[in-house]
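Asks: Starting from the given sequences, assemble the full structure and let the hints guide the process.
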Amino acid sequence: MSVKGSSEKTNIRYFFPKDPAKGGAKFSFIRKKKDAIEEVPVAENKLKKWRTGESSKGYARTKFHSEKIKAREKVFEKVAEKSARAELLCAEEEGTLEGEKTYQITQNDIRGSADEATQQKIFDLRLNQFGPYRLDYTRNGRHLLIGGAKGHVAAFDWQTKGLHCEINVMETVADVKWLHQETMFAVAQKKNVFIYDNQGIELHCLKHLDSALRLEFLPYHFLLVSAGAKGYLSYLDVSVGQEVSGICTKQGRLDILTVNPQSAIVHLGHPNGIVSLWTPNMKEPAAKILCHASCLRDVAVDVSGNYMATSGMDRRLKIFDLRTYKELSRFQYNKRQCPGKLDFSQKGILAVSRENVVELYKDMTNQAYRPEKPYLYHRCDKLVQDIMFCPYEDVLGIGHGWGFSSIVVPGAGEPNFDALEANPFQSKAQRKQTEVRMLLDKFLKPSKIDFTPRHKMKGGSKAGKVEQRKKGVQEQHLRAAVRDIVRTKQKEGRLNKSNSWRAGLPEGVSSLQRLKKKSA
Amino acid sequence: MHPRSKQRHSIDLAICLRGDIRDLEVTKVMREAECWTDHHLVNSVLTMHTIPTHHKKKIIRPPFNVSKLTNISREMQFAQDLGDRLTSHGHMTGKWKPVQNPCEGVREVHCWTETEGPKENHFGDSEDDAVDEVAHEKLLNSLFAMDGKTRNKNNVRGVSAQSVNLDLVVHAKRDQGKIKPQDLKLKARDMTDSLKKPMSSMETEQIKRHIARETIKTEMTTWEPVVQEIRSAPQMIFSNRPHGVEMRDAMKPKGFKPRTPLEKELFAALGQSEEVLNPNQELTKAEERALKAMSVKEAMARRAELMKHHELLSRAQIRAKRVKKIKSKRYRKILRKEKEGAERKELEKLQQTDQEAFVERLEQLEKDRMEERLTLKHRGGGKFARLHKVYSKFDDKTREAMQDMLQKSRELTKKTENVSSSDEEDEQADVEMVQQNAAQDVADSEEDESRPSSTSIKPSQLEILKAINKKAGGWLDGPKSTFVYTDERPANASQPDESSDVHERLSGDSQSVVPQGEEKKPASMVNNHELESENEESSGAKLSGKKRTLDEVDPEVESNETAAPEPKKKKRKRNKKKDIDVDGNDEASGAKAPAKPKEKAVTEVTLETVDEREAAEDEEAEVDEDDSLKVTMEELFQDEDVVEQFAKEKAAAEAKARPKFEDTRLPGWGSWAGPDYKGEKPLTKKQKRAEARAKQLEKQQQKIKQPHVWLNPSRDDAVRKLQPKAVPFPYSSVQQYEASLRQPVSRGFVRETAFKLLNKPEVVTKLGHIIKPLDKEDIFKKKASSDDVNVEAGTLASGKGDNPKDRRTGSDNSRRKGAGDKRQNSKASSAQTKQKRKSIS
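Protein chains in written order, with the UniProt record's numbering: chain A, 1 to 520; chain B, 1 to 841.
Do not take every clue at face value.
[What the hints assert, rightly or not] In silico lysine to aspartate or glutamate, DMTMM-like type, Cα no more than 20 Å apart, as pairs:
#1 K756/B with D19/A
#2 K333/B with E265/B
#3 K292/B with D418/A
#4 K283/A with D716/B
#5 K760/B with E67/A
#6 K756/B with E421/A
#7 K49/A with E752/B
#8 K285/B with D19/A
#9 K756/B with E87/A
[To be verified] Covered stretches of chain A (in silico footprint by chain B; criterion: 3 or more residues with CB under 8 Å from a CB of chain B, positions within the stretch not fixed):
#10 111 to 121
#11 260 to 274
#12 325 to 331
[Said to hold, decoys possible] Incomplete in silico selection of chain A near chain B, CB under 7 Å:
#13 T52
#14 S56
#15 K57
#16 K63
#17 A71
#18 E93
#19 L97
#20 K288
Keep in mind the hints are simulated off the structure, nothing from the lab. Where a beta carbon is used, it is the ideal one built from N, C-alpha and C, also for glycine.
Replies: Here it is, written out as structure tokens:
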């Protein structure tokens, strides 16, 4: 009998066959009805988290549909329950550093105490010839792409340190970006953007992405976004190779570009302290926010898409709420210290670069707790050019003047990955499958979607019917014409009557006569 | 036209009666293809009517009133009369008629019924009136005809004045032209029995159609529930339906037969075992033995035990039900009090025994308190309070209830001493210190109070707050901060703050003011109490804000002002704001605004340097700061007034976005000004729309209070085009429609099992499975038979039943009786054995 009250413990009863020594059947697997597994109902607060919204209220237009909707609501509830139950499977927990002065812990300390797998994640690449370097991780966090300003581009699996390709494009490289998978990447070179495959073979030269400075990729739309030195923002659909939209922003050089991962809205930072938000549907910015009273250094948006961090030349770091466009908090740096590059990790740790220093802050978006001191502190050899957190790993990649360094930041990455979304341990077959699925799930260009169904009849119609229809239409026209004539006549008659007393107008002549064109 | 002679022949004539011409519809002539002969097929369509046959109606005589013969004189007269008449007819041999007629006549005279009146009257004065002229004339004619003469006089034509007396004719015929005065007597009685006019063909047609419709309708509606069930079923599995293909016995796989030696050996070993369950057995041998082994006594004891248990359970259930239904408020109150008392006792007990649990309980209490403070559920703003407020003046009970509620609120919001935080203790200690030493007081208290506020909130408290936040639906983690944090400003922070400059400038640009009282307040002013009060206020405001935003149709433009719960307060706040506006200059000069700031300005945190080297550099820099020659970056860029520029840009963009609408109408222009002048021309539809849009935009722009944000009014146009204009068919409200779309169904959003559940195919068929039409006989027979047993028929109709086998046995029982019976028998027996097993265990 199930005991009520202890709802926390799962009360599952299994049927154990009785001991044969005591008269139980040895091979009998008949389960009695009572011995069915009882599932304890999921706690309400857990369910609430997974419910996607309010259930529908009231009745539909018909009784039949009301019942249908009711049945559907039941299914939705079941789905929420299933999701809540599945939470159990997210067993991994994020890491953290505990203690008062965590910023005193160096990478060496971590290397000393951590396991070997973690130790392997702390490494430096000394590439002092072609720096400073820009970098990019794939969506599953497995592969790394670095591009030195002087033309060195290398792609590799950073965990196994297996090199895919290493090339020198013999041009300045402004930015590098993986496309939807590790098989292709885009490099913004001096004049054009080029697309290479993972063996370093040039696949495309995108000439209309002119003098691009920053690249971003929207994986659900298959859009490559580039912001150029001439103030040109363009969206390129890489699945079909068409430019979806090209916008002249009229804002000058665009060297700050970030994408809101939740809404795929592009954030551009401008030297006048304004952050402008763009969509491919409009030639104008969707919104403009004045963030700093001076030049912007960088913009970052967190994973939830709710918060935006900006850094400016006024030595300030600000956090904005993107739901209300309101400033939440403001952090001031000391003299001579100006925050530069920014990046949010999946778990909300904010990395801020400052010359050759990278500081990591926890809970910057939290209202209650505002750190004055960083969570971690790392000093590089040279000026930091680019920073990026590795997805699903507690790793921050830093591109600087002397190459690339990877540091461990406990608690940065999402510990539980969704293999259908991004799988770090993906096999080749899975990769191919995912590509197909991604293409199938791709957002079509919204304006191309034929929303209103066309009411076209099946097959052609018979000649007789066509004739009939024609006649019908003709008759309609005729009737309309007759109606018009009759109405005008009536009107004329009325006017004539009312104007009959007027002098100068002969009897019976319409007063509308004078409005007619004089032919003579 | 004749093919040879080329002459027109009217070869076809459909001859019919003039009366029937309306029944002749189309007449066609079918020629042969060669047109060789002049014999053609004439095809004529006729509407045929079957005239209903009129059965002669039986003449029903009213019963004679025999009781009248009790009157002796009348009886005597009757007897005499009868005797007279019978004698006048002579002998009665062979002829009954002549006897019958006089008998009847006499009887009628004497035993007339109430309705008629005495029959003697027929022979009296009113006789002439009763016989109408036509009938009379006819009678005369017939009489003359018997003589062989014709009588042409007085030929009356047309319809008789009286209603048609068909009876007369009938009787005349019946007696072969002989009309007797007795026949005439009957005419008036049978008026109702006259034959009705036959119905017209249209009417009969109508009736026929009606009947046909009714029958078809009943036939069709019998299917309706079945069809309805099928349609409303979430899934239709055709492969579960019997397809009529039967498995013959020969096709069934044969039982296992051991062939290899190992198999044979194993089979032999297992076959001997008593615990093996053979496929066609219900129980293993061992189990059966156990059943038998149980003595009657044991079984009885076991049964009694079980019964007792059941009884106790049911009693408890009944009691619980009864208690639950008690409506007495007093009882409830007592119950509640008891419960509270018990809880308190338990708490005391816990304090002594289990510290951890006690702390937990206290935390729970604290949580309750916070919740109460957040929601103010018992404060009197609720529906209950509103409703009872008025009555509480007159009704004692209501007043009591209200007071109870307020008391509860007080209790809940009262700060418990047990939970007093270390901060408060510190404070208390401070107070004591103050009493002891007044001189040190100021410095001490300032220090002590500033410390807790700087550390702000402990992690445990944070957790609680987070929990509350969650309960509030995540509305608290919005922009309006729940917590005030202060910071010890470094010494160099006293220099004019640029951020405040920005704000001042911003506020100068647009008319809205962002008050900065908070920023200018010294940190020491913010003590713990204020923190909490503010906390409460802001959260309350947030809650109301939540309600508002829910009400709002356009959630995008979220207003940033903290909405007060009641309009009154709002008004007051607005006034305050105006005051600030007016005193803007004073404020700028440094005077603190007396009014509480509506919205806290963002305070700045100075990030400290971590590295020693850097710190040293900073110090150096500070030393160098005196050198006014060195120019920092911010100073470099200070000249560019980006704020002003932004404000200008924003204004320009807003002006541009505003739809150009001007009312250019002038009286008398573009319209008739004569005698029919009807005042001003109304706005055209387009103009009206433009006007509305302009107003809406203005409203939206007013809503965005931040001066540093510009939202493009047409930012959603691309999506709006794709949004439906009206609520589509089955849904009756926007909410319903949105709710139907709220659940993502793809694999990427929900887990696999949920995905399958959401995308269940409506129809499941199997390749090669014959889908037969529903058998009427099958369904209705079953429905009738198993209405009380199960809803089996329903499951069959919808095809969603989980055990198609059972259904088949049910439905095809009649046809395949042998097999079905067998299975059913086995089923029944299995049920029995199950019961047996239960009793064993």
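Asks: Apply the coverage criterion to the segment 260 to 274 of chain A and chain B: a residue qualifies when its Cβ sits closer than 8 Å to a Cβ of the chain, and three qualifying residues are needed.
Replies: Result for this restraint: holds, n = 3.
Asks: Mind checking, does the segment 325 to 331 of chain A have 3 or more residues with a CB under 8 Å from chain B?
Replies: Result for this restraint: holds, n = 7.
Asks: Is the listed coverage of the segment 111 to 121 of chain A by chain B valid when you require three or more residues with a beta carbon under 8 Å from a beta carbon of that chain?
Replies: Since 0 is below three, the answer is violated.
Asks: With a cut-off of 20 Å on the C-alpha distance, tell me whether K292/B and D418/A pass.
Replies: Cα-Cα ~58 Å, so violated.
Asks: Check the hint pairing K285/B with D19/A against an upper bound of 20 Å on the C-alpha distance.
Replies: Holds: K285/B and D19/A sit about 16 Å apart, inside 20 Å.
Asks: Between K756/B and E421/A, does the CA-CA distance stay at or below 20 Å?
Replies: Since the Cα atoms of K756/B and E421/A sit roughly 18 Å apart, the hinted pair holds (cutoff 20 Å).
Asks: Can the hint on T52/A be confirmed by a CB-to-CB distance to chain B that is less than 7 Å?
Replies: holds (5 Å)
Asks: Given the hinted pair K49/A and E752/B, is their Cα-Cα distance within 20 Å?
Replies: This hinted pair holds, its Cα atoms lying about 19 Å apart.
Asks: Restraint: K57/A near chain B, CB-CB cut 7 Å. Satisfied or not?
Replies: holds (6 Å)
Asks: Interface hint check: S56/A, Cβ to nearest Cβ on chain B, cutoff 7 Å. Holds or violated?
Replies: This hint holds: S56/A lies near chain B, its Cβ roughly 4 Å from the closest one there, short of 7 Å.
Asks: For a C-alpha distance cap of 20 Å, please report whether K760/B and E67/A respect it.
Replies: holds (17 Å)
Asks: Close enough to count: is the Cβ of K63/A nearer than 7 Å to one in chain B?
Replies: K63/A check fails; min Cβ-Cβ to chain B is 10 Å, beyond 7 Å.
The structure is inconsistent with the numbered hints 1, 2, 3, 10, 16, 18, 19, although it conforms to all the rest.
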